[in-house]
Amino acid sequence: MPAHSTTRARRSIDIVQIAYFVSDIEAAAERLHAMRGVGPFFVAHHIELINVRYRGEPAELDHSSAYVQAGPVMLELVQQNGEYPSPFRDMYAPGESGIHHTAAFVADLDATLDRHARDGYETALYAETGTGVRFAFVDARPLLGHMLEFYEESAAIRGFYALVAERAASWDGKELFVALNDTS
8 MPAHSTTRAR RSIDIVQIAY FVSDIEAAAE RLHAMRGVGP FFVAHHIELI NVRYRGEPAE
68 LDHSSAYVQA GPVMLELVQQ NGEYPSPFRD MYAPGESGIH HTAAFVADLD ATLDRHARDG
128 YETALYAETG TGVRFAFVDA RPLLGHMLEF YEESAAIRGF YALVAERAAS WDGKELFVAL
188 NDTS
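Residue 8 is where the sequence shown starts when you use our numbering, and the numbers rise one by one after that.
None of these hints come from the bench; they were simulated from the model. No residue lacks a Cβ here, since even glycine has one placed at the ideal position from N, Cα and C. Where hints are given, some of them may not hold.
[Said to hold, decoys possible] Cβ pair distances, simulated, as ranges:
#1 161 / 96: 24 to 30 Å
#2 69 / 163: 29 to 35 Å
#3 42 / 65: 38 to 44 Å
#4 137 / 64: 20 to 26 Å
#5 42 / 127: 32 to 38 Å
#6 96 / 22: 22 to 28 Å
#7 170 / 90: 30 to 36 Å
Please work from the sequences and hints to get the whole structure.
Laid out in structure tokens, this is it:
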């Protein structure tokens, strides 16, 4: 096998989510449902994060998200609450929207971030959810035009993804929104 194929296979990561930055997650969810028929949307406002670092410096990130399953991939609609530098503002000015990141699970978040840094891709954000799920955004815009999000593999994050997929598969179409207190 050629060296480039071996390298590619070793670094292969399954995309589990595509995320879109929007100004209003509920309005965007309603439009996406009307367009694609997907639902229900699991909505979390002001998601609790700890140990947040933006571009290596301590930071805050107040955001809200709506999560929905679309076939084999989760979609996330994410909005920033407030105006300050962030991975979202790195890409979009107020009022703008578009694809922000794709997400994947990794066994070793630190090793993944180190490898991307060696390859020239900076960690734009590192944070942990209130329940301890570690994740980070890697700025892959020079290569892909968007960020990469990596979650450190855990039962909590896998369970959340399974919940969203299971509820989508059995959704009766009645309640478009499901409120979440914690997204992990």
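Here is what the structure says about each hint:
no.	hint	verdict
1	161 / 96: 24 to 30 Å	holds (28 Å)
2	69 / 163: 29 to 35 Å	violated (21 Å)
3	42 / 65: 38 to 44 Å	holds (39 Å)
4	137 / 64: 20 to 26 Å	holds (21 Å)
5	42 / 127: 32 to 38 Å	holds (37 Å)
6	96 / 22: 22 to 28 Å	holds (24 Å)
7	170 / 90: 30 to 36 Å	holds (32 Å)
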